[in-house]
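J.: Residues per chain, in single letters:
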Amino acid sequence: MNNVDNLINLSKDLRWQIGDDFHDNLAEGIYADAAEIVKDSVHKKDENKKLRLDATIDRIVTSRVWGFPIMFLILAVVLWLTIVGANYPSSMLATLLLDTVHPFLRSMAVAASFPAWLSGFLIDGVYLAVAWVIAVMLPPMAIFFPLFTLLEDFGYLPRVAFNLDYLFKKSGAHGKQALTMSMGFGCNAAGVVATRIIDSPRERLIAIITNNFSLCNGRWPTQILIATIFVGAVVPKAFSGIASLGAVIGIAVLGMAFMFFVSWGLSKTVLKGEVSTFNLELPPYRPPRFWKTIYTSLIDRTLIVLWRAIVFAAPAGAVIWLISNIHIGDLSIAAWSIDFLDPFGFLLGLNGVILLAYVVAIPANEIVIPTILMLTVMVTGISGGEGAGVMFELDSVTATGDILKAGGWTLLTAINLMLFSLLHNPCSTTIYTIYKETKSVKWTTIASILPVILGFIVTFLVAQIWRLF
Amino acid sequence: MNELNYSPLTALLTFLGIVLLLFLLFRPGKGWFWLIQKNKESSRKVIIEDILKLLYHSENEEKSLNLVDITRTLKDPDDLIIDSINEMAEHELINLEGEHVKLTQAGSEYGLRIVRAHRLWEKFLAEKTGFAEADWHKIAEQKEHELSDADTDKLSARLGNPQFDPHGDPIPTNTGKMANVTGTLLSEMEVNSFGRIIHIKDKPDIVYRQILAENIHIGSHIRIVEKNANRVVFHSEGEAFVLAPIVAGNITVTELKKDVKVEENIARLSMLTEGETAEIIGISKEMRGESRRRLLDLGFVKGAKVSIELPNPLGEPKAFLIKGTSIALRNNQASKILILKD
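Chains F and X supply the protein sequences, listed in that same order.
For the first sequence, our numbering begins at 1 and goes up steadily by one.
For the second sequence, our numbering begins at 1001 and goes up steadily by one.
These are calculated hints, taken from the structure and not from any lab test.
Backbone N, C-alpha and C define an ideal beta-carbon position, used for all residues, glycine too.
Mixed in with the good hints, there may be bad ones.
Claimed, not checked - No farther apart than 25 Å at their CA atoms in a straight line, the calculated lysine-lysine pairs in the PhoX-like style are these:
hint: 1; chain 1: X; residue 1: K1302; chain 2: F; residue 2: K39
hint: 2; chain 1: X; residue 1: K1030; chain 2: F; residue 2: K272
hint: 3; chain 1: F; residue 1: K272; chain 2: X; residue 2: K1128
hint: 4; chain 1: F; residue 1: K268; chain 2: X; residue 2: K1128
hint: 5; chain 1: F; residue 1: K442; chain 2: X; residue 2: K1201
hint: 6; chain 1: X; residue 1: K1102; chain 2: X; residue 2: K1128
hint: 7; chain 1: X; residue 1: K1341; chain 2: F; residue 2: K39
hint: 8; chain 1: X; residue 1: K1138; chain 2: F; residue 2: K268
hint: 9; chain 1: F; residue 1: K442; chain 2: X; residue 2: K1302
hint: 10; chain 1: F; residue 1: K272; chain 2: F; residue 2: K439
hint: 11; chain 1: X; residue 1: K1341; chain 2: F; residue 2: K272
hint: 12; chain 1: X; residue 1: K1030; chain 2: X; residue 2: K1063
hint: 13; chain 1: X; residue 1: K1102; chain 2: X; residue 2: K1063
hint: 14; chain 1: X; residue 1: K1154; chain 2: F; residue 2: K39
hint: 15; chain 1: X; residue 1: K1075; chain 2: X; residue 2: K1102
hint: 16; chain 1: F; residue 1: K169; chain 2: X; residue 2: K1203
hint: 17; chain 1: F; residue 1: K272; chain 2: X; residue 2: K1102
hint: 18; chain 1: X; residue 1: K1341; chain 2: X; residue 2: K1305
hint: 19; chain 1: X; residue 1: K1203; chain 2: F; residue 2: K268
hint: 20; chain 1: X; residue 1: K1143; chain 2: X; residue 2: K1075
hint: 21; chain 1: X; residue 1: K1302; chain 2: F; residue 2: K268
hint: 22; chain 1: X; residue 1: K1063; chain 2: X; residue 2: K1154
hint: 23; chain 1: X; residue 1: K1038; chain 2: F; residue 2: K268
hint: 24; chain 1: F; residue 1: K169; chain 2: X; residue 2: K1045
hint: 25; chain 1: X; residue 1: K1045; chain 2: F; residue 2: K268
hint: 26; chain 1: X; residue 1: K1177; chain 2: F; residue 2: K272
hint: 27; chain 1: X; residue 1: K1177; chain 2: X; residue 2: K1203
hint: 28; chain 1: X; residue 1: K1045; chain 2: F; residue 2: K44
hint: 29; chain 1: X; residue 1: K1128; chain 2: F; residue 2: K170
hint: 30; chain 1: X; residue 1: K1138; chain 2: F; residue 2: K272
hint: 31; chain 1: X; residue 1: K1154; chain 2: F; residue 2: K12
What the hints assert, rightly or not - Per label pair, the in silico range of CB-to-CB distance:
hint: 32; chain 1: X; residue 1: N1332; chain 2: F; residue 2: R64; range: 14 to 24 Å
hint: 33; chain 1: X; residue 1: I1018; chain 2: F; residue 2: F290; range: 53 to 63 Å
hint: 34; chain 1: F; residue 1: I242; chain 2: X; residue 2: L1035; range: 48 to 58 Å
hint: 35; chain 1: F; residue 1: F72; chain 2: X; residue 2: S1193; range: 34 to 44 Å
Said to hold, decoys possible - In silico contact screen, one side only, chain X against chain F (beta carbon under 10 Å); selected entries:
hint: 36; residue: P1028
hint: 37; residue: L1096
hint: 38; residue: E1097
hint: 39; residue: I1114
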């Protein structure tokens, strides 16, 4: 027994004598030895030629003169292909799912003599919301994600992070946030998943919380539609296209400004104590594996996100139909809520319809405009639409504008809607994804609430200042 | 709608009022909310422990304190301090010898426990969190009162029973054993002598922040180049540093014997220019925790060859070629990697 005690005391003494540096020195020694062994035993083929080509590409894409123009050009092309390219498949899907299958289902329901409330609930509510989400969401994602993954696979994206890191460092973030932010232009939920490439805990949380400031595919069409109707109309006809495009780009750029500002604020306050490290590997370029990329980006990104969106859209469709068709007294729940929200909406330069639409359309930004149109027709009692609780959209931009103007919309309402569309809570798919990625109720709550508060403040200020003049 | 009795100006002013109120309440450090919370915290226990720590440190420096010294040093209200001192005397933590206040054996042990908790928590902040170096002391000042003995032991075990805190101060063990720090103040070193920095004092705050801003690290090898009444100049890791003697007095150095080989040509990776190659000597002790391990994982280990692969259009991060891979590092990281240029 005595012997054991002696040994323990001896070990304590020795531990004390070797000091604090021991663990470090041991670890570094092992690394250094491993490096020596590799040097002696691993022989590499001469890769000089490939390296020279890599170096040439690197010099161009990270050059002072060409680096930034190339970056913006590529981003612009990807976004343009996505937005314009998605129009055709989207309208085909809409024709199929909304204009063909929906009436067909309705007539089937009539033939099977479903009660009106059941067919309304299932077909006008659940089915319509799901169909809408698929038609609007699937095509842009199926274009955007493969393009993005091809760039990633080629090795270009790490160079973007490399070029921009200095700017992100200033706001306490990681250069790779440039990539997750761009991914957010496609879909915020996918952008949040993409933050896995950032291995520093603090910077990753910043990237997750601020991803919502990237205008996603579900919001681009809203921005473009409203800008075309209201902003395009206040300038001479010749410039209306440029003016509305400028307004949309302005909103997207404002989103980036908020992203930097909020990143900076977070890193200086609530995230101060989180561990922060930095490293960025610049892998060699390689020809993208085209089919593999298409396959994985469709399966891993597009379908997973779409599935989550559908799961959340179905109940939302049901809720939208129910609040429009269940009456308390002589008004529907929707009408009561709109009355209740109207004063607050007025204060923000919006209206009750818009606020209610944003509450019930949390599952997907795609159904905000159809919901607004349906609710506007319902409360104003003008002709149009397809009935209470049935979301709709019009092919004609002018007709859409007429409905909105009948709902009391002004240029201020339009501008504030564009601002609020940028600055509001993430869609439920994204919220769920944030929870999955952070496993923290606290961060999920902050990521959900923070943008809405900013949205309230910004639209409120814009509305008051607008009315002062 | 209440459009009739509404004016945008009133709305705007109300909003500004609310913002102002929130600002006054939650302003970092000085907000009323924080002040009230802090007031609640400055309980008897905290004051007693602060006094014990103060006495412990001054007895270590063989200075004796009287009541006036204590009330002047601590920021709490005088009457609370006097009450606390009376209570401490009752519990035999201190002896009052006329004006002088002396620790008893029990008081000394209690003080040492607080010092241990403080230094361990600083070590924890340095290794496991991302708080900035300048904030460590302030956070540990609060936390030291919250940790129980069991917490402290658990913390110590988790950190691998460290002997020194990040400033180079020894951490006492739970039996009160403490490593010796024997060194010379930087301001008292001879010209042309070599040394290694072993301790940087974190008080007073202004001086400490100045040292941090100069990028002076514990563990760096230095050579004194010039010394006079106005300034101390020394070379370290390829850079020349100029300090006022009062600042240099906050840095402790252990003198290196002449037969220890001192590399005069050591530089920092951030000083490498394009086209040069270098060999890595090591990573500065200032690079801690997760960041340090990551660099080792990436291959920044002793003996590895390194060169600049790609400059950055905005200045940083630069990409370094290490072990056949291109890794981008920011300047503040590269400045903590020591190299020997070829």
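J.: For every hint, state whether the structure bears it out.
T.: Against the structure, the hints:
1. X/K1302 to F/K39: holds (14 Å)
2. X/K1030 to F/K272: holds (18 Å)
3. F/K272 to X/K1128: holds (13 Å)
4. F/K268 to X/K1128: holds (18 Å)
5. F/K442 to X/K1201: violated (37 Å)
6. X/K1102 to X/K1128: violated (37 Å)
7. X/K1341 to F/K39: holds (20 Å)
8. X/K1138 to F/K268: Since the Cα atoms of X/K1138 and F/K268 sit roughly 16 Å apart, the hinted pair holds (cutoff 25 Å).
9. F/K442 to X/K1302: violated (42 Å)
10. F/K272 to F/K439: holds (19 Å)
11. X/K1341 to F/K272: violated (36 Å)
12. X/K1030 to X/K1063: violated (34 Å)
13. X/K1102 to X/K1063: Given pair X/K1102, X/K1063 holds - Cα atoms ~10 Å apart, limit 25 Å.
14. X/K1154 to F/K39: Answer violated: X/K1154 to F/K39 is near 42 Å, above 25 Å.
15. X/K1075 to X/K1102: holds (20 Å)
16. F/K169 to X/K1203: Violated: F/K169 and X/K1203 sit about 29 Å apart, past 25 Å.
17. F/K272 to X/K1102: violated (40 Å)
18. X/K1341 to X/K1305: holds (10 Å)
19. X/K1203 to F/K268: holds (24 Å)
20. X/K1143 to X/K1075: holds (18 Å)
21. X/K1302 to F/K268: violated (35 Å)
22. X/K1063 to X/K1154: violated (33 Å)
23. X/K1038 to F/K268: holds (21 Å)
24. F/K169 to X/K1045: This hinted pair is violated, its Cα atoms lying about 42 Å apart.
25. X/K1045 to F/K268: Not satisfied, since the Cα-Cα distance of roughly 31 Å exceeds 25 Å.
26. X/K1177 to F/K272: Answer violated: X/K1177 to F/K272 is near 34 Å, above 25 Å.
27. X/K1177 to X/K1203: holds (24 Å)
28. X/K1045 to F/K44: violated (66 Å)
29. X/K1128 to F/K170: At roughly 23 Å apart (the allowed maximum being 25 Å), F/K170 and X/K1128 satisfy the hint.
30. X/K1138 to F/K272: This hinted pair holds, its Cα atoms lying about 14 Å apart.
31. X/K1154 to F/K12: Within the cut-off at roughly 17 Å; holds.
32. X/N1332 to F/R64: 14 to 24 Å: The hint (14 to 24 Å, Cβ to Cβ) holds, given that X/N1332 and F/R64 are roughly 22 Å apart.
33. X/I1018 to F/F290: 53 to 63 Å: holds (56 Å)
34. F/I242 to X/L1035: 48 to 58 Å: holds (54 Å)
35. F/F72 to X/S1193: 34 to 44 Å: Between F/F72 and X/S1193, where Cβ atoms are some 56 Å apart, the hint is violated.
36. P1028: holds (8 Å)
37. L1096: violated (37 Å)
38. E1097: violated (36 Å)
39. I1114: Hint violated; X/I1114 Cβ to chain F Cβ min 22 Å, cut 10 Å.
Of the numbered hints stated above, those contradicted by the structure are hints 5, 6, 9, 11, 12, 14, 16, 17, 21, 22, 24, 25, 26, 28, 35, 37, 38 and 39, listed in ascending order.
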